[in-house]
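Chains W and R are the protein sequences, given in the same order.
Residues in the first sequence are numbered from 349 upward in steps of one, following our numbering.
Residues in the second sequence are numbered from 349 upward in steps of one, following our numbering.
Since the hints were made in silico from the structure, they are not lab data.
Certain hints may be false.
[What the hints assert, rightly or not] Pairs of lysine to any residue, SDA-like flavour, derived with a Cα cap of 20 Å:
(1) Lys677/R - Glu471/W
(2) Lys677/W - Glu471/R
(3) Lys677/R - Lys737/W
(4) Lys737/W - Glu514/W
Protein chains: 2
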Amino acid sequence: MTEEQPEKDVDGGVSRRDLIGLALGASATSLVVGAGAGLVGGAAYGQTQARQAMDAVASASGIHQPGITTPVQEHLHFAAYDMMARTTREDLASLLSDWTYAATRMMQGLEVSATGAVGGSPEAPPDDTGEALGLPASNLTITFGFGPSLFDDRFGLAAQRPAGLERLPAFLGDDLDPERSDGDLCIQACADDPQVAVHAIRNLSRIAFGRASIRWSQLGFGRTSKTTADQSTPRNLFGFKDGTANILADDAAALDENVWVPASEGPAWLAGGSYLVARRIAMLIETWDRTRLAEQDRVVGRDKAQGAPLSGGDEFAAPDFTATDATGKPRIDARSHVRLAHPDMNNGIRILRRGYNFVDGTTDLGRLNAGLFFLSFQRSPDRFVTLQKSLANDAMGEYLKHVGSGLWAVPPAPQAGASIGAGLLGA
Amino acid sequence: MTEEQPEKDVDGGVSRRDLIGLALGASATSLVVGAGAGLVGGAAYGQTQARQAMDAVASASGIHQPGITTPVQEHLHFAAYDMMARTTREDLASLLSDWTYAATRMMQGLEVSATGAVGGSPEAPPDDTGEALGLPASNLTITFGFGPSLFDDRFGLAAQRPAGLERLPAFLGDDLDPERSDGDLCIQACADDPQVAVHAIRNLSRIAFGRASIRWSQLGFGRTSKTTADQSTPRNLFGFKDGTANILADDAAALDENVWVPASEGPAWLAGGSYLVARRIAMLIETWDRTRLAEQDRVVGRDKAQGAPLSGGDEFAAPDFTATDATGKPRIDARSHVRLAHPDMNNGIRILRRGYNFVDGTTDLGRLNAGLFFLSFQRSPDRFVTLQKSLANDAMGEYLKHVGSGLWAVPPAPQAGASIGAGLLGA
């Protein structure tokens, strides 16, 4: 078997360098175009839109990758990769360059290369695997992250490791599977069509051949967070609304305070980036389902019907942790999830949640192998650690098991013509 | 732990008996209503629509369950169940009665019972798990099947076993996992929202508590078959259009010939029903992706771009197996999938395919654990067996592995007020 790479021809007058860095900077806009639009028109459209988008998100904190403040899509395919043995810094740079090119194209609804699935030589394997042919871009976003292990002695990056980028500490109740945790690199692909998200991870994995391989991957559906004011709050697999108090994509002040790494804090290559935490949280579905409604409400601290805090008001009312009932007991239990996760209990810390439900069939015991694939973006890892430690007494912990975990630094979007991570690798 | 059962109250003037058998007979119509519509309005609407639907599908061959000729939805949750030890015929009858009631409601976008997720006593576990609250019915269909093992000596059904209802024979290349095969009962839940399909299987599993438990289950996405003239032909994970020549839902003659069990053939309880075959077919994705485009086309017998037969014409042109190229070689290879599966090579046999793609994360080798969850409905099991034997020489076999298998008899829809399988159980 020989290694095949996507072609990197000049595409109908639009050069590769023009494409790179455009779509990757176009978070939260409708950069994407229909797959049938044809390359030249598609790329030209994308170029204009992306320029506007970059202007829009080029705040003091930098230019951000898509898939963070992009309105959360319906489907996820997340993959963690390890660099293969004996790969070099040059291999890493070439991989990130090839990934940037392909990701930029796919987010515009294009195939991974100019020849794609059917336009190449019949005597060669196609560049693109083809299952997304004819499908719209479906709001695909592709977001790249760099794990702590990438900064060991293999690629000469140790000096550039952000101080906080290390494996998350063990938390009470962790039961982590190494085969569902960590990874040198990660890619979050989100789209409104699962086939489009799967196509992205599959083709990026293929492009990585000989340089990086998948360590683990996870599919998810039914977003569990509200990220724009006009999205209704979705329900998680406990049947409760989830993400009511999430940071909204247009709340620039909250994003700057809680999500983006300021130039003053991190290494220069990470300014305008973020930190991504992934946690595979198995839900003990059958146990939860046999719990009294009042107990479910107490554990969450909100009512199941409306998602309103038990202290009163509607879903969006601020919880009042001092409110008491006729017997003098707090209306919102001290160990409830909403209280322990609330910014008031955590020095004002908020995180941007972007998780998905997962159901991976059935366990050996005939129970649903299901739960929450928790994803959050935050300005520093210690903010997540603070929150997660605060949840050590969470009444919900009885119904959860954390079985996978990972932390990655998410660089800013590349400048036009550059590749993701260029600031880190100096390429 | 105590066993809880869904409430079976009279619901807002619409009795349980009115509901049962209505939605279950409403295949291929827009019976479903929004979840927020309220029970009385919803049920009344469903009742009218269902009556019309029953008239529409009450052909000579009977009244059919939904989810067979219903335009194929985007998402699947399929589950196989085994009856628990020491359960009785009465347990089976009560289970099917409870399942019918809940399924009928859910297909109308309602919760599993009148009190549902939030309307019951706070001191009791809710009847409904709640994660589909606020979601539309999403064209949910729920289809029930009875496996060969249900007709052993446990429930007194041996004399009513259809002659052909036995485990499928071993096929060349089978590598079946017993934990992904067979089952006393099966439920196919299809919907355009995965959360709705998952909610259905989860709640039906919960209702089964103490009587049946899940043996295995499978999620799927991105339908791989075209079932109505206005659906575009989707692509499978090999990147090829799949299901071009499928039987269409409005082709009553072809359905009668190939899908529905005629009264003359089966036991009376199965007249108007069908046989469902499920095969979990792992695709060797990475191997396929490294194959030359010309070889991929040859294996399939169609071109990847358009799905046109290699003998010429467009996607819907009939393949000409006698056409030769300039060198005298057949244009469509003798071992191609399209030829070996074609009715002309199989005594005119056609089956109704209704499969889905699946991606269950990644294998230990870092490869996508992906493939086709093949589902087909046919008038008799031997029709599938004939086709599958014909495929023993299929050139595509090199890239596939059948790892799961099951066969179930799919009874007709119940009469109004009766439960699924009433014809079998005499209940």
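Hints, verified against the model:
1. Restraint check: the Cα-Cα separation between lysine 677/R and glutamate 471/W comes to about 18 Å, which is no more than 20 Å; the hinted pair holds.
2. For the given pair, lysine 677/W sits about 18 Å from glutamate 471/R by alpha-carbon distance, which is consistent with the 20 Å threshold.
3. A hinted pair counts as satisfied when its Cα atoms are at most 20 Å apart, and lysine 677/R with lysine 737/W does not qualify at roughly 70 Å.
4. For the hint pairing lysine 737/W with glutamate 514/W, the CA-to-CA distance comes to about 17 Å; that is within 20 Å, so the pair holds.
In terms of the numbered hints stated before, the structure departs from hint 3 and from no other.
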